[in-house]
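There are 2 protein chains.
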Amino acid sequence: MIVKKYVDMLGKKSAIRELFDYGAKRAQEIGRENVFDYSLGNPSVAVPRDFNETLAKLALSGDDLAVHGYSPSLGIFSVRQAIADSLRRRFSLDYEAENIFMTTGAAGALAHAIRAVAEPGSEIVTFAPYFPEYGPYVEGAGCVLRVVPAKQEDFQIDFDAFERIISQKTAAILINTPNNPSGVVYSVETLVQLANILEIKQREYGHPVFLISDEPYREIVFSNQRCPYPARFYENTITCYSFSKSLSLPGERIGYIAVNPSCQYAKLIPQMCGQISREIGHNCPPSIIQLAVAQVLDQTADLSVYEKNKNILYPALIQMGFSCVEPGGTFYMFPCVPNGKAEEFSEKAKEFDLLLVPGTTFGCPGNFRISYCIDTDKVYRSLDAFRKLANVYFP
Amino acid sequence: MIVKKYVDMLGKKSAIRELFDYGAKRAQEIGRENVFDYSLGNPSVAVPRDFNETLAKLALSGDDLAVHGYSPSLGIFSVRQAIADSLRRRFSLDYEAENIFMTTGAAGALAHAIRAVAEPGSEIVTFAPYFPEYGPYVEGAGCVLRVVPAKQEDFQIDFDAFERIISQKTAAILINTPNNPSGVVYSVETLVQLANILEIKQREYGHPVFLISDEPYREIVFSNQRCPYPARFYENTITCYSFSKSLSLPGERIGYIAVNPSCQYAKLIPQMCGQISREIGHNCPPSIIQLAVAQVLDQTADLSVYEKNKNILYPALIQMGFSCVEPGGTFYMFPCVPNGKAEEFSEKAKEFDLLLVPGTTFGCPGNFRISYCIDTDKVYRSLDAFRKLANVYFP
Numbered sequence: 001m002i003v004k005k006y007v008d009m010l011g012k013k014s015a016i017r018e019l020f021d022y023g024a025k026r027a028q029e030i031g032r033e034n035v036f037d038y039s040l041g042n043p044s045v046a047v048p049r050d051f052n053e054t055l056a057k058l059a060l061s062g063d064d065l066a067v068h069g070y071s072p073s074l075g076i077f078s079v080r081q082a083i084a085d086s087l088r089r090r091f092s093l094d095y096e097a098e099n100i101f102m103t104t105g106a107a108g109a110l111a112h113a114i115r116a117v118a119e120p121g122s123e124i125v126t127f128a129p130y131f132p133e134y135g136p137y138v139e140g141a142g143c144v145l146r147v148v149p150a151k152q153e154d155f156q157i158d159f160d161a162f163e164r165i166i167s168q169k170t171a172a173i174l175i176n177t178p179n180n181p182s183g184v185v186y187s188v189e190t191l192v193q194l195a196n197i198l199e200i201k202q203r204e205y206g207h208p209v210f211l212i213s214d215e216p217y218r219e220i221v222f223s224n225q226r227c228p229y230p231a232r233f234y235e236n237t238i239t240c241y242s243f244s245k246s247l248s249l250p251g252e253r254i255g256y257i258a259v260n261p262s263c264q265y266a267k268l269i270p271q272m273c274g275q276i277s278r279e280i281g282h283n284c285p286p287s288i289i290q291l292a293v294a295q296v297l298d299q300t301a302d303l304s305v306y307e308k309n310k311n312i313l314y315p316a317l318i319q320m321g322f323s324c325v326e327p328g329g330t331f332y333m334f335p336c337v338p339n340g341k342a343e344e345f346s347e348k349a350k351e352f353d354l355l356l357v358p359g360t361t362f363g364c365p366g367n368f369r370i371s372y373c374i375d376t377d378k379v380y381r382s383l384d385a386f387r388k389l390a391n392v393y394f395p
Numbered sequence: 001m002i003v004k005k006y007v008d009m010l011g012k013k014s015a016i017r018e019l020f021d022y023g024a025k026r027a028q029e030i031g032r033e034n035v036f037d038y039s040l041g042n043p044s045v046a047v048p049r050d051f052n053e054t055l056a057k058l059a060l061s062g063d064d065l066a067v068h069g070y071s072p073s074l075g076i077f078s079v080r081q082a083i084a085d086s087l088r089r090r091f092s093l094d095y096e097a098e099n100i101f102m103t104t105g106a107a108g109a110l111a112h113a114i115r116a117v118a119e120p121g122s123e124i125v126t127f128a129p130y131f132p133e134y135g136p137y138v139e140g141a142g143c144v145l146r147v148v149p150a151k152q153e154d155f156q157i158d159f160d161a162f163e164r165i166i167s168q169k170t171a172a173i174l175i176n177t178p179n180n181p182s183g184v185v186y187s188v189e190t191l192v193q194l195a196n197i198l199e200i201k202q203r204e205y206g207h208p209v210f211l212i213s214d215e216p217y218r219e220i221v222f223s224n225q226r227c228p229y230p231a232r233f234y235e236n237t238i239t240c241y242s243f244s245k246s247l248s249l250p251g252e253r254i255g256y257i258a259v260n261p262s263c264q265y266a267k268l269i270p271q272m273c274g275q276i277s278r279e280i281g282h283n284c285p286p287s288i289i290q291l292a293v294a295q296v297l298d299q300t301a302d303l304s305v306y307e308k309n310k311n312i313l314y315p316a317l318i319q320m321g322f323s324c325v326e327p328g329g330t331f332y333m334f335p336c337v338p339n340g341k342a343e344e345f346s347e348k349a350k351e352f353d354l355l356l357v358p359g360t361t362f363g364c365p366g367n368f369r370i371s372y373c374i375d376t377d378k379v380y381r382s383l384d385a386f387r388k389l390a391n392v393y394f395p
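One line per chain: the protein sequences are A and B, in this order. For what it's worth, the working numbering labels the leading residue of the first sequence as 1, then goes sequentially. For what it's worth, the working numbering labels the leading residue of the second sequence as 1, then goes sequentially.
In short, the hints are calculated from the structure, not lab data. All C-beta atoms, glycine included, are put in the ideal place defined by N, C-alpha and C. Check each hint, because a few of them may be wrong.
[Stated by the list, open to error] With a straight-line cut-off of 27 Å between C-alpha atoms, the simulated DSSO-like cross-links for lysine-lysine are:
id: 1; chain 1: A; residue 1: 12; chain 2: B; residue 2: 267
id: 2; chain 1: B; residue 1: 267; chain 2: B; residue 2: 169
id: 3; chain 1: A; residue 1: 5; chain 2: B; residue 2: 4
[Claimed, not checked] Computed beta-carbon distance windows for the label pairs:
id: 4; chain 1: A; residue 1: 163; chain 2: B; residue 2: 32; range: 54 to 62 Å
id: 5; chain 1: A; residue 1: 78; chain 2: B; residue 2: 326; range: 39 to 47 Å
id: 6; chain 1: A; residue 1: 78; chain 2: B; residue 2: 30; range: 22 to 30 Å
id: 7; chain 1: A; residue 1: 66; chain 2: B; residue 2: 30; range: 17 to 25 Å
id: 8; chain 1: A; residue 1: 159; chain 2: B; residue 2: 29; range: 54 to 62 Å
id: 9; chain 1: A; residue 1: 78; chain 2: B; residue 2: 96; range: 40 to 48 Å
id: 10; chain 1: A; residue 1: 262; chain 2: B; residue 2: 387; range: 54 to 62 Å
id: 11; chain 1: B; residue 1: 90; chain 2: A; residue 2: 66; range: 28 to 36 Å
id: 12; chain 1: B; residue 1: 10; chain 2: A; residue 2: 89; range: 27 to 35 Å
For reference, chain A alone in the conformation it holds in the complex (with noise of 0.2 Å):
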């Protein structure tokens, strides 16, 4: 027979993809330039040319057995030493190419660290708001996702809340900063007094606690600001990254998994995570992407434009009378819900042709998330829209 589980996952319709698909319909109707669609995360910049040239010259350059041939399982040797080369000189840990492991994006790479660190029934503790599928990725492992509640002033970690829900059982930590969907970017404060935390737990449960960190929005950092890297702080860090975002290619799925040099087990998960691919027939990112990737780690595509979209939006929607913890980098920000009911908010939202996705997905049912990864020229029209929303609220 086939397996209930996934035909019951197709019952769990996903918020974000049904407004996106209710925008292209309504985008017929009255004209994709009249949808001010904030619904989904998809990069709009354009993608440095260095990586389309490279990947051009690859696929013509004759050598088809080093450019189209197998990729050992934890991906090309070279790649993932040119990509801790680059992590030692950015972050000044001591990466070597074996700590490293090639995925498709930072969903690949999120599946295999927790499928390699957390045995069935344990438990994994992130902290809302979150990215939904971190739901289907824990319990994929046969683990258990538990969700540490918001700390609405600012996003950062309530770490009273953490510890009432932090055990023996817990196997990780899983959190995201820059943040999908508030935009916060958590502090150097945070991410000492979470590492101090996890010193104190792992040695009063006597296993390690890992600490799993999504970073695909690393390089979206506003006011000319770094994002603090958590695996300075903390060494059992198992650091998960993208090129979706920083390269503007998330449909090409090339990431990495980069386990702190310090960490225990530094090079053995890297290895491990070559045994998962096994099972789940995956077996690393295409060749010719992880080649021509390597010839671009340092650059991004131009992501200014997010910030100027950040710089436009944020002012306009605290003026109108929303409130807003001011997103600190990604693309997205995450405002309270006037009168606490996303999902009828989002409906009414609707009316003015602004797609807005409520943020009972993420977590809190009392936000609304905002992907401004559009045009500026759409996001300064939208503002009317913005306005008129405001108005039934706000009176």
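Using the hints provided, position chain B relative to the given structure of chain A.
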């Protein structure tokens, strides 16, 4: 704690990989040209020029959102449509785009297919000799792999043995034609008899018994023959394909699942696969690889070298005294080990710098595998080494 299961898997060395590593070391000592490395199934011929040119054109097209943007989790619709059209033309089954799910090669296809149709605890039946990675795919889904012993005289199916193993607990049958490692192509008679038995068993058990057909070697068939297409004989067939061998690009990890349009749940199974992807964090193959492959669906690399190599090697081995079922396709053959001791034989072969994989790896400890996807010149030059090896066993 880290997950013991994957650490244990690391302890079990792959005989193929060990031989390959030995070959690389030996090449440094005596020169690559003097090592007759028949260990790996790594395609050796050039990729079709059209594929590389399409890939380069896409990369340089300037339409980054279309080329590098997110693919829907079941694959890009136009690509699925193109594959359905191609299969419909070639095999006269009414495939639609909705029957197709894009995968990272045959590995991704098999792992998804098994997870979709086999509840944990159920059994998957396959036939020796079989590809050793079937073990991890099946065990990773929480199922049990049952192996029907080989029919040594022709490597078709021993149906008596099969009927002793298939049971109420059987969720699916897993076949591979043309076969790795035997090179044998299942005959129409074999597929008809298999279908007849499965029809009877389905009725008897009161649940579907799916046929999962692993077909990466479909286009490598000798003597201008075509491989009988299993899905034409049995409705509940899920075809798992990879372009690795036909287009000679195993590192690009691209393939698909095609569910027979008359299969039960023919359009539901691809959707379920999309949900399976969520759990394992895989999210379909890269957009640009999907788009490129769709442009060359009915092309293959020049595969004639494999038949040429077979036509040199097979008669020579027979003349030396080896017994072997003649391959009908692939780039493998699977002769009998003269004294039946595969590991000892493989060790002995190394003395002549011949790298031959013991059949134990494929569930047949009395055979050895030759992967002749190497230069024809080297095949000729290896005959002397084979002759010396034969002289040890047939003095």
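Return the numbers of the hints above that this structure violates; sort them in rising order. none
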